[in-house]
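S.K.: Listed below are the residues making up each chain.
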Amino acid sequence: DQQVKQNSPSLSVQEGRISILNCDYTNSMFDYFLWYKKYPAEGPTFLISISSIKDKNEDGRFTVFLNKSAKHLSLHIVPSQPGDSAVYFCAASARGNTPLVFGKGTRLSVIA
Amino acid sequence: GAGVSQSPSNKVTEKGKDVELRCDPISGHTALYWYRQSLGQGLEFLIYFQGNSAPDKSGLPSDRFSAERTGGSVSTLTIQRTQQEDSAVYLCATRIGQGPSPLHFGNGTRLTVT
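Sequence lines, in order, name chains V and S. Counting with the working numbering, you get residues 1 to 112 for the letters of the first sequence. Counting with the working numbering, you get residues 113 to 226 for the letters of the second sequence.
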């Protein structure tokens with residue numbers, strides 16, 4: 001049973017436009033959520049996180065939104081750049097050092 | 113370097129052989145995790161170490177998999193009698209310790225079992 005789901009395996013966006021990546025989760029104990037970006041042959045790189053006490057966190061071009069009642073989070077990238085083309089993973093954990101649970105990823109392609 | 117270091121970066125082995133994968137964590141990071149990513153899949157948790165506590169082995173897929181962390185630093189993941197389904201990228205990640213904080217990943221070891 002997948003606790004973290006990324007239902008779109010791929011997304012294609014024009015350079016300069018907004019990219020919206022979505023993630024759903026089923027475990028109501030999750031209280032810490034993260035987005036990672038992964039290039040081929042490299043490990044995932046941390047992008048941005050949000051705790052369950054917030055509904056929005058922003059860092060430059062990246063904003064994460066959390067809707068706890070819907071058990072849904074999203075990552076907005078604006079404006080999108082060709083260098084943003086990568087696989088994006090959503091991850092979640094319950095309190096403390098419990099292991100992060102990852103989605104299967106969404107491949108973002110930003111077209112110049 | 114300052115990041116998580118994994119070796120080897122690539123490993124090809126014959127079915128039935130044992131393999132050892134190594135992870136050098138970021139200095140001062142007390143929590144260490146092993147994940148694997150099979151083709152087209154997300155990251156699957158395998159095992160994690162936190163300080164001197166007993167490791168959480170709940171993600172290990174079979175008793176052919178084991179891991180140790182010596183002196184709270186370097187970790188090795190051992191796979192005995194490898195099978196073709198063990199082919200994957202094995203990723204090590206560490207984090208500071210207590211409280212929610214991001215995992216920092218190495219670049220992984222790509223294991224191919226022929």
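Please note that a few of the clues may not be correct.
[Unchecked claim] 25 Å max Cα-Cα, derived SDA-like pairs, lysine to any residue:
| # | chain 1 | residue 1 | chain 2 | residue 2 |
| --- | --- | --- | --- | --- |
| 1 | S | Lys123 | V | Thr45 |
| 2 | V | Lys38 | S | Ser150 |
| 3 | V | Lys104 | V | Ser12 |
| 4 | V | Lys71 | S | Ala114 |
[As the list claims (entries may be wrong)] A few chain S residues that don't get close to chain V, going by computed Cβ distances all over 12 Å:
| # | residue |
| --- | --- |
| 5 | Lys123 |
| 6 | Glu126 |
| 7 | Val131 |
| 8 | Glu156 |
| 9 | Ser170 |
| 10 | Thr190 |
Since the hints were derived computationally from the structure, they do not count as laboratory data. For each residue, glycine too, the CB sits at the ideal point set by N, CA and C.
S.K.: Determine for every hint whether it applies to the structure shown.
M.R.: So, going through the hints one by one against the coordinates:
Restraint check for S:Lys123 and V:Thr45: the C-alpha separation of about 23 Å stays at or below 25 Å, so the hint holds. Note on V:Lys38 and S:Ser150: the hinted pairing holds, with a Cα-Cα distance of about 14 Å set against a maximum of 25 Å. A hinted pair counts as satisfied when its Cα atoms are at most 25 Å apart, and V:Lys104 with V:Ser12 qualifies at roughly 17 Å. Only pairs whose Cα atoms come within 25 Å are accepted, and V:Lys71 paired with S:Ala114 is rejected, the gap being roughly 36 Å.
Non-interface call for S:Lys123 relative to chain V: holds, since the shortest CB-CB distance, roughly 14 Å, exceeds 12 Å. Even its closest Cβ contact with chain V, about 24 Å, leaves S:Glu126 beyond 12 Å, as expected for a residue assigned away from the interface. S:Val131, annotated as away from the interface, keeps every beta carbon of chain V farther than 12 Å; the closest lies near 19 Å. The Cβ of S:Glu156 sits about 8 Å from the closest Cβ of chain V, inside the 12 Å cut-off, so the non-interface label is violated.
At the 12 Å boundary, the C-beta of S:Ser170 falls inside the reach of chain V, the nearest C-beta of that chain being 8 Å off. Distance to chain V confirms S:Thr190 as a non-interface residue, since its nearest Cβ pair spans about 20 Å, more than 12 Å.
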